[in-house]
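Asker: Chain residues, written in single-letter form:
Number of protein chains: 2
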Amino acid sequence: RDYQGAPTGTDIECKGWRQEAALRMLNNNLDPDVGENPEELVVYGGTGRAARSWDAYDAIMAELRELDDDETLLVQSGKPVGRFTTHERAPRVLIANSNLVGKWDDWEHFHELEAKGLIMYGQMTAGSWAYIGTQGIIQGTYETLAALADEHYDGDLSGKIVVTGGLGGMGGAQPLAVTMNHGVCIAAEVDEGRIDRRIETGYCMEKTDDLDDAIEKATEAAENGEPYSVGVHINAADMLEGMLDRGFVPDVITDQTSAHDELEGYYPSGYSVEEADHLREEDPETYVEESLDTMARHVRGILDIQDAGAIAFEYGNNIRGQVKEHRDMQHAFDFPGFVPAYIRPLFCQGKGPFRWAALSGNPEDIHRTDEAVVDLFPEKEQLHRWIDLAQEQVEFQGLPSRVCWLGYATDDDGLTERARFALRINELVADGEIEAPIVVTRDHLDAGSVASPNRETEAMRDDSDAIADWPILNALLNCAAGADIVSVHDGGGVGIGNALHANNHVVLDGSELAAEKARRVFTTDPGMGVIRHADAGYDEAIEQAEKSNVAVPMRDRP
Amino acid sequence: RDYQGAPTGTDIECKGWRQEAALRMLNNNLDPDVGENPEELVVYGGTGRAARSWDAYDAIMAELRELDDDETLLVQSGKPVGRFTTHERAPRVLIANSNLVGKWDDWEHFHELEAKGLIMYGQMTAGSWAYIGTQGIIQGTYETLAALADEHYDGDLSGKIVVTGGLGGMGGAQPLAVTMNHGVCIAAEVDEGRIDRRIETGYCMEKTDDLDDAIEKATEAAENGEPYSVGVHINAADMLEGMLDRGFVPDVITDQTSAHDELEGYYPSGYSVEEADHLREEDPETYVEESLDTMARHVRGILDIQDAGAIAFEYGNNIRGQVKEHRDMQHAFDFPGFVPAYIRPLFCQGKGPFRWAALSGNPEDIHRTDEAVVDLFPEKEQLHRWIDLAQEQVEFQGLPSRVCWLGYATDDDGLTERARFALRINELVADGEIEAPIVVTRDHLDAGSVASPNRETEAMRDDSDAIADWPILNALLNCAAGADIVSVHDGGGVGIGNALHANNHVVLDGSELAAEKARRVFTTDPGMGVIRHADAGYDEAIEQAEKSNVAVPMRDRP
Ligand SMILES: NC(=O)c1ccc[n+]([C@@H]2O[C@H](COP(=O)([O-])OP(=O)(O)OC[C@H]3O[C@@H](n4cnc5c(N)ncnc54)[C@H](O)[C@@H]3O)[C@@H](O)[C@H]2O)c1
Ligand SMILES: NC(=O)c1ccc[n+]([C@@H]2O[C@H](COP(=O)([O-])OP(=O)(O)OC[C@H]3O[C@@H](n4cnc5c(N)ncnc54)[C@H](O)[C@@H]3O)[C@@H](O)[C@H]2O)c1
Chain A
124 RDYQGAPTGT DIECKGWRQE AALRMLNNNL DPDVGENPEE LVVYGGTGRA
174 ARSWDAYDAI MAELRELDDD ETLLVQSGKP VGRFTTHERA PRVLIANSNL
224 VGKWDDWEHF HELEAKGLIM YGQMTAGSWA YIGTQGIIQG TYETLAALAD
274 EHYDGDLSGK IVVTGGLGGM GGAQPLAVTM NHGVCIAAEV DEGRIDRRIE
324 TGYCMEKTDD LDDAIEKATE AAENGEPYSV GVHINAADML EGMLDRGFVP
374 DVITDQTSAH DELEGYYPSG YSVEEADHLR EEDPETYVEE SLDTMARHVR
424 GILDIQDAGA IAFEYGNNIR GQVKEHRDMQ HAFDFPGFVP AYIRPLFCQG
474 KGPFRWAALS GNPEDIHRTD EAVVDLFPEK EQLHRWIDLA QEQVEFQGLP
524 SRVCWLGYAT DDDGLTERAR FALRINELVA DGEIEAPIVV TRDHLDAGSV
574 ASPNRETEAM RDDSDAIADW PILNALLNCA AGADIVSVHD GGGVGIGNAL
624 HANNHVVLDG SELAAEKARR VFTTDPGMGV IRHADAGYDE AIEQAEKSNV
674 AVPMRDRP
Chain B
124 RDYQGAPTGT DIECKGWRQE AALRMLNNNL DPDVGENPEE LVVYGGTGRA
174 ARSWDAYDAI MAELRELDDD ETLLVQSGKP VGRFTTHERA PRVLIANSNL
224 VGKWDDWEHF HELEAKGLIM YGQMTAGSWA YIGTQGIIQG TYETLAALAD
274 EHYDGDLSGK IVVTGGLGGM GGAQPLAVTM NHGVCIAAEV DEGRIDRRIE
324 TGYCMEKTDD LDDAIEKATE AAENGEPYSV GVHINAADML EGMLDRGFVP
374 DVITDQTSAH DELEGYYPSG YSVEEADHLR EEDPETYVEE SLDTMARHVR
424 GILDIQDAGA IAFEYGNNIR GQVKEHRDMQ HAFDFPGFVP AYIRPLFCQG
474 KGPFRWAALS GNPEDIHRTD EAVVDLFPEK EQLHRWIDLA QEQVEFQGLP
524 SRVCWLGYAT DDDGLTERAR FALRINELVA DGEIEAPIVV TRDHLDAGSV
574 ASPNRETEAM RDDSDAIADW PILNALLNCA AGADIVSVHD GGGVGIGNAL
624 HANNHVVLDG SELAAEKARR VFTTDPGMGV IRHADAGYDE AIEQAEKSNV
674 AVPMRDRP
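Chains as they are written, first to last, in our numbering: chain A, 124 to 681; chain B, 124 to 681.
Hints listed in this document are in silico derivations from the structure and should not be mistaken for laboratory results.
Incorrect hints may appear among the rest.
Pairs involving identical chains hold if they fit within one copy or between any two copies, as the list cannot separate such chains.
[What the hints assert, rightly or not] Pairs of lysine-lysine, DSS-like flavour, derived with a Cα cap of 30 angstroms:
hint, residue 1, residue 2
1, K503, K670
2, K330, K340
3, K670, K138
4, K670, K330
Note that the structure is a prediction, hence the values are computed from the model and not measured.
With the hints as extra help, turn the sequences into a complete structure.
Answerer: What follows is the structure in C-alpha cells.
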C-alpha cells in the first residue's frame, strides 16, 4: 500500500466538495505524518482505525467518488453498508462505530466481534476522519496545563516539573504543551521509536535511558526557569517507583499511556516492546494480567507522588477506572480527572476544541484563517498568544490545520463565536482569498457531545454522568442542522463501554448552502454544551444561556 | 388531571400540522382508552412513559404549541431540554430516552438515576409517542401466530390451544389474535382489572378463577374447532404447574407478562396484586428476589410443557435472559425467541409493523386508508384478509389507526410498498378525501431499526446480534431523510441495557414537502432492514436488494 495522505489542490475526484472533503479527511487520517500506523489503518489511541479493512477502505473511496450531492453514504464500524437518496441539506456521510448493546458493551464481546470482522474500534476522531495528528491535541493539552497553571502557579509553569507517561499520537503533545507553558516535562515511553518521532517533529527535546540523567537535567532546567523536555525510555510504572525511591517529587503528575485498553494499548513492565508484542500474540490472557498488574503499580505511584505533594490528575485514559474495576483499587479515584478539574467551566460556555483543515493542502490558507480569527476576536488575548505559539512551534502534519477553543457566546446578530468564524472563512473561500474549501470539525471531547463518566462527564453536579441521551441528541440535531458528516462512537479514549460521543464536519466551500449549514450547526453544536450543563445545574451554563438566548424549556417557563 | 386523549378535528393549536401531530400523538398515548395508566404517565410495558413528569409534559405541550416550522425541539428522557433553528426538511422533534453509557447500562443505575428525576423509561413506542393501544400490537401478534400456523398447522389454529400469560397493553392482544386465527387461548393474568378491560374491548371472551374450568371449556372449544378465549385470574407460573399436575398439554406455549422488569413489571407468586404492590413499596429487594424465583418456576414450566410436546417460543419479554442471568438457568434458551422463529424472513424484505393514525379522529379517514391499501396491493390476499378482520373485530382506541406489515419491494417507478402507500394517502389528504392529515409511524421492532440480542437480533447468521451501530444509523438516516419525529431508546421490551432501537413519524398533510419526506423516509427506513440483513448474509435480503436496486457497497463492487 502506498500511503500518500490526502489529495491536495483545487481539482477534485468527487462530484462535490462535501464528498471530496470526506475523502481527503479519511486519507489525511492515514497520512504517515498524521496517523500512527497507516499500514494497519490505525490512526491513534491504541487501535483507533479509519476503516475496517483495506477492502472496506477501497469501497468507501469508490462510494465517495460516485456519491451525488443528494445522496448519503452509511458507514458501520469502518465499512460502507448503504447509500440512500436524501437531500442537499442533509449529511453526505453518516458513521456509527464500535457501538454495542449495553449488556454486551465490553472489551470481551468487542474483541470477539472484531475477530469475526464485524466491528472496528473507532476511537474518537480516528473512525470519524477528523484526526489531524498530534497538532490536533496540542492546543487542548496546552489549554489544560494553562488552566492548571492559572489555578496553582499564577498562570505559568516556569520552574515547574511535570511528569507523565506515553508519547503516542495524543500523549506526544505533552512535552511541547509543557514547554509552551515554560515548564519542564519528563515523559516515560516504552517505545523508543515514539520518542524519536516526537523529537523529529519538535514536540520533545531529548531522550535518555537513564532516569537519574533525566531527573538531573530536568531539575537543573527548572531551577533556571528554562523550558525543557525529555522522553525517558522506560515503563511509566517503573519510572514513578524510581522517582519515589530517589525521593524525587515533581510538581505535577499525570499520564497518557493507552491504559484504556489493557491488551492493545498499555505495556506491562518487565518486557521490551518486542517481547510484549510477542506475548500479546502468544498468550493474550497473561498479557492482560501483567498489563493490569503494572497499571495498579502505576496508579499507586501516582497516588504516592500526590501524597508527597504533587498535583495529580488523570488525563483521560481511564487508568483509574481500569484498576478500580480489575484490581479492586477503591482509592483509585482519589485523584481527579482533568475535565472536572480544568475543562468543565469551558464546556458550560459551549467551548471546546473547534478545529479546521485546509483542503488545498496550502499552509497559506491556514495562515489566512489565523489572521481571520485574530481579527474577529480582538479581545481574546489568550487566543492571540496561542496563534503566535502555534505558528512558531507547531509543525503542520498532513493537511494544514488549526485548533482553537471557541464557544457559544453570541454577538449582536445572535451569531455564536463558532458561527462567526465559519461564516467569515466561508466568505474568504467565496472571495478566492483562500484557495480551496476549509473543513471545520472538532474533537469528540466537546462541550455537548459526550457522555463519559470517567472523563468528560465525571462528577457532574446532578449525578447525570452516565446518561447517554445527550450525545445521541447531539448527533441527531447536527444531522438535522445539516452537518456534512455526522458520527456516533462508543468507547474512545476511555475504552469500550465507557463513553458515547458524537462528531461532525461542515465543509466551507464559499456557497450559500455552506453558510446556511455553518450558521445552524455552529449554533446547535456548542448550544448542546450550554443546555446539557444548564440542565445539570451549572451556573456558568445558565448564565451563558441567558446571555445568548439559548432556549432551556423547563427554565424558561414558570 | 383530566386525560382527554388527543385533540381531534381540523383546527390546530400549533403552528403547523407536523407540530400538531406530535402534540396529538403524545396525548393519544395518554388517552385512557390507549395508555395503561395515564395518571402516572405510564403508557404500556411496565413503566414505559410518555413524559418524565407532568411538569415536563406541560413544558413539552407549550413548546410544541410555539414551535416554528423551521425549529426542532429536543426531548431527553421525556423532558424538553432545548429548541434550535434547523429547517423545514429536518425533524420537528428529536427524542432520546433511557440511554446509558454501556458500563452503567443496567436496572440498578437506571433506577438510581430515575429516583433522582434524571431519566425516564421510554419503552419502545411509549416515549416516542407512537403507541396506539392494543390495536397496535394486534396485527403483529396475529401475523406471528399465522406464521406459526403456516409452519406447523397448515395455516390455521382451529382445534389448537395456545397458553400464555399477561393481558397488559401488548399481551392483551393475544386472545384476539388467537381467535382471529380460529384457535383457543388460555391466558394467565394476576390483575383481574386487566382481564375485565380485555373483555370490555372485545379482546378476550371470558374470565375465570378456576383453572379446571378454563381447561375444560378450552378443550371443548378446541374439539369443536371453535374460537374461544379465557383469562384466568392466576399467576402464570402457578398456572403452568397446575397444567403439568393435571397432565394437560397445550399445543402452543408462550408468555407476555412484563418479565423484562423484575421490579415493576412482573408479579411474584403467593401475593395478590395489592399485596405485591405493597411489598414493592416497602421492600423492593425482597420483591425482586421473589419475582425472579417465580420467573424461574415460570420458565421451568414452559420448558416442561415443551418437553411434553408443545411448541414453545418466547414472546419478546426477555424472560429467558432474566432467569439465565439472575437464576443461572443455563438451559433457559432451550426454547427460541419469536423473531428468529417467525419474523426475520419478513425483516429481510424490509417488512415490519408500519402503522398510521387519523389525526382528525374520524374513523372514516381510516376506512378510506383501508380502501387505499387494498386498492394499491390487489395481489396481497393476506393483507386483505387482515383488513377485513380488523374492520370487523378490532375496536379503535384513541385516534383511529391501522397497522399493516409493508416492506421495501419496489414498483416500476422504484417506489417501495411503504412509499407507495404513503404517497397515495398524501394525495387523498390533498384532495380532501381524507379530512385531516394522517401520521405514519411504526413499532421500534422493525426491519432495520433495532439491536436486541435476546429478541430482534437473536441468533443472527453472522453473530452480529449485539452490534448497535445499526439502530443509530437508522435514526441518523431517517433524520437526514426528513422524518418529522426521530427517537432513539435503550431498553424497551427486553429491559434496560438489552436493546437499542429507533423510531420515526412522518406527517402526511397533503403537501409537496410531505410527499418528498415520505418518498425518502419510506425508502431509507425499510431499506435499513434490507442492508442490515444483507450485511449479515441472509439470502432473502440479498435477493430483495438485487430486485429493488438497494445499494450494498461491499457486494456491489468486486
Ligand atoms: N485528553 C483527552 O481527552 C485525551 C487526549 C489524548 C489522549 N487521551 C488518552 O490518552 C491515551 C493515549 O492516547 P494516544 O493517542 O497517545 O495513544 P497511543 O496508543 O498512540 O500512545 C500510547 C503510548 O503509550 C506508550 N505506553 C503504553 N504503556 C506504557 C507504559 N506502561 N509505560 C510507558 N509507555 C507506555 C505506548 O508505547 C504508546 O506510545 C489514550 O488512553 C487516550 O484515550 C485522552
Ligand atoms: N413482540 C414483542 O415485541 C412484544 C410485544 C409486546 C410485548 N412484549 C413484551 O411483553 C411484555 C408485556 O408487555 P405489555 O405491554 O403487555 O406489559 P404490561 O406491563 O402492560 O402488562 C403485563 C401484564 O402481565 C401481568 N403479569 C405480570 N406478572 C405476571 C405473572 N407472574 N403472572 C400473570 N400475570 C402477570 C401484569 O398484571 C400485566 O397485566 C413486556 O415485557 C413487553 O416488552 C413484546
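Asker: Each hint should be assessed against the structure and marked as holding or not.
Answerer: Hint check:
Only within a single protomer do K503 and K670 lie at most 30 angstroms apart by alpha-carbon distance; the minimum there is 18 angstroms, versus 59 angstroms between protomers. For the identical chains of this complex, K330 and K340 are intra-copy neighbours only, at 11 angstroms inside a copy versus 88 angstroms across copies, given an alpha-carbon limit of 30 angstroms. In the homo-oligomer, the alpha carbons of K670 and K138 lie at most 30 angstroms apart only across protomers (27 angstroms), although the nearest pairing inside one protomer, at 42 angstroms, exceeds that limit. Proximity of K670 and K330 under a CA criterion of 30 angstroms is satisfied in neither setting, with 49 angstroms inside one chain copy and 62 angstroms between copies.
Hint compliance for this structure: hint 4 is the single one not met.
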